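The lines below spell out each chain.
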Amino acid sequence: MMKPLGQPASIATPSGPRKTLLQVHSLFFQRNQLTILENVQLTLDAGEVVLIRGENGSGKSTLIRLLTGLVPAQEPFEVSLDGERFDPGDPRCQVQFQYLGHNLGLKDNLTCAENLKFYADFLGRRADVTVQGALNACGLDGYQYSEAGRLSAGQRKRLALARLLLCPARIWFLDEPYSNLDAEGITLVDRLLQRHISEDGRALMTSHGTFVPQVSNHRELEIDGWTP
Amino acid sequence: MNKLTLWFHKLGSPEYFYRFSGKLIPWLALACTVVLGWGLYRGLFVAPPDYQQGDSYRIIFIHVPSAWMSLFIYVAMCVSGVVGIVWRIKVAEIVAMASAPIGAAFTAITLVTGALWGRPMWGSYWVWDARLTSELVLLFIYIGVIGLYQAIEDRRSAARAASILALVGLVNIPIIHFSVEWWATLHQGSTVNLMGENAIHPSMLWPLLAMALATKLFYAFNVLQRARVMLLDQESNKRWAQRAIGLDMPGSAA
Amino acid sequence: MSLPRAVLALLLRDLRLALRRRSEMLTPVLFLLMVATLFPLGLGPDRDLLVSIAPGVIWVISLLACMLSLSLMFYADLEDGTLDQLIISRWPLPVLALAKVGAHWLVSGLPVVLVAPVVAVAYGLSSETIGVMALSLLLGTPILSSIGAIGVSLSVGLRRGGMFLSLLVLPLYVPVIIFATAAVTASLEGFSPAASLYLLAAMLVLAVTTAPFAIAAGLRISVS
Amino acid sequence: MDWQAFFAMGGYGTFVWGSYAVFTVILLIVLAAPMVKKRALMKELKQRQALARRRSKS
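Residue numbers (this note's numbering), protein chains in the order written: chain A, 1 to 228; chain B, 1 to 254; chain C, 1 to 224; chain D, 1 to 58.
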């Protein structure tokens, strides 16, 4: 049955006068003639976590993949960071953010240590964190030599979170960080987020669940997704 | 912004392109039929038989223009493909993808008429003649481009991917042609040239040029027809498209 | 943090992955050996016939062997999300694409280059011609990998991209086949294969310098 | 005008007319394709319009 056309999703956000650091204007996205995102206004300040809530398919993941440049923008939209133009295709900006998507970016046949070692060489490693340190911080201390493929879904997610800890980035784009995690895992995510924003970092995360990040400074936005 | 770039920019908007091409198609179709009729008449009735090949050379009037068209359309496809990729203009992507089937058709015509001409000339339907072989490889490239466009779901990314493949093919076509030419002369020596390099008698030249023009006019209006339908298909939720075909849909985008 | 180090990390990661699935590395070589034994069975053991068809047959089988493992080049990376990380990393994607092609060639192209002479001996080629064949394969298989990678990057997003890949890529292999086999045939007939080998080398330079940009563009489309 | 000789084409009739037949048939198919596709598209859009109207009324 042909799906009827719904209302396009748009994110209403209070345009506070505060120092706006990551600002997105008039973002628009259409897939196979269904408008998914329209006039998205979004600000993300330093030291803040913004949680975007919305049902599946409401465009949350698309929004994040647009901001990271993984999905090309159909109409050019404006993203500015500290007043300068933030272009996800430009290496100077790419250095500044990390992305964690549904696919975690892990190689099943490599061990946990090898996976992290690769990202340490490839994306760069924070001076104050070692591969083993990151694994321990994420509760994977005994697993450095076991292959990522043999870990449980929750443990694989922790390994991906270890990468966030290991590699430097001012902005985190997290797509459903809470999925596949038990209560303890969720507190781990909150701890990492708290540490990240305490170092003046910022994070944009999506979730369709009910969990709210227990961090000192977070804001919630609702994608009023189109009603299928 | 001088007049030309302004016009080119306006042509990029689907609605303007739809209306503009709509007005153009009838005239192109008319011109095509006139030129085609004249060319065929001159070629089949008026032009004298060739002293060597007798009347079988009349196949030249469709074989050669089709061969020219198979390459001409490929280049046209790549040009509009590049415009589509670089400036992300939907109309350019659509025109590129609309050209591919027409180009493949002309390539197929070239191959079949080449074989039918080769039979009386060389005694067999398929001869690994340099031009026919390159034409065959060109057909495979066309099929690859069309196939890739059909295979990818999202229309916009499909057009981008197929355009990139077409461009890669464009770089390879001269190399393929050169290598096949070199290969053909290596193995058989230069076969008798189908079209003969000797000066073509004017009474044969004019119909040939007329047919070349007719096939270009055919391509022009057919690609616009195809592009309009594809545009309607992709913009079917937009109000301008629905107005253009006499529909009004509650809840459609502006 | 430098580009060479990142490229090296990517190359070593891919090689380590390939070594973990060593059986998969053998498929191109086993394919070459098995299919190469089919032809004499099909055409008869007559020595002169085998010698005369050897250049073309061995080269075509080597080409198909290289194509077998092409689709693995990006498919796993797309599935597990590592391709996303490559694209949004600060490193230029064409260079990373070249590293992937290099890794694939080391794993599937090089073994074919090493094993083909063995097959050539079975086909009764002289040692000098075998040398030329190995050189033509050494120059030719990287071209196959880089052009093939363009087809893979465009079709990796498709559900059954593999079968479709050959349709996209084979027409582009025509010049490689022509000049590579011409070189071997020339040496077989006592002529100098230099001309063909130089042209093959020229194609290799063209492929290695231009293909990565098309691969990068293709990957960006397949990811979106 | 000797039609008999004309169609014989100096003995090459089958090849010449064969070629022209292929040329015409292929181009007719190419010509007709967009028209057939437009008719199918119109039908589909009309169905979608009827559905959308019924949905917006209910």
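What the hints contain is simulated information worked out from the structure, not anything from laboratory work.
Treat the numbers as computed from the prediction; the structure is a model and nothing was measured.
Glycine included, each C-beta is placed from N, C-alpha and C at the ideal position.
Certain hints may be false.
Stretch by stretch, here's where chain A covers chain C in the computed footprint (C-beta under 8 Å, at least three residues) [to be verified]:
1. 3-10
2. 75-84
3. 175-183
4. 186-196
Residues from chain C that face chain B, not an exhaustive set, calculated with beta carbons under 10 Å [unchecked claim]:
5. L50
6. I150
7. A214
Each hint tested on the structure:
1. Counting residues of the stretch 3-10 of chain C whose CB lies closer than 8 Å to any CB of chain A gives 5, which reaches the minimum of 3, so the coverage claim holds.
2. Restraint check on the stretch 75-84 of chain C versus chain A: 6 residues with Cβ-Cβ distances below 8 Å, three needed, restraint holds.
3. Closer than 8 Å: that is the beta-carbon criterion, and the stretch 175-183 of chain C has 0 residues meeting it against chain A, so the requirement of 3 is violated.
4. Look at the stretch 186-196 of chain C against chain A: 0 of its residues bring a Cβ nearer than 8 Å to a Cβ of that chain, fewer than three, so the hint is violated.
5. Hint status for L50 of chain C: violated, given a least beta-carbon distance of 20 Å to chain B, over 10 Å.
6. Among the interface hints, the one on I150 of chain C holds; its C-beta lies about 6 Å from the nearest C-beta in chain B, closer than the 10 Å criterion.
7. Checking A214 of chain C against chain B: minimum C-beta separation of about 5 Å stays under 10 Å; hint holds.
The earlier numbered hints that this structure contradicts are 3, 4, 5.
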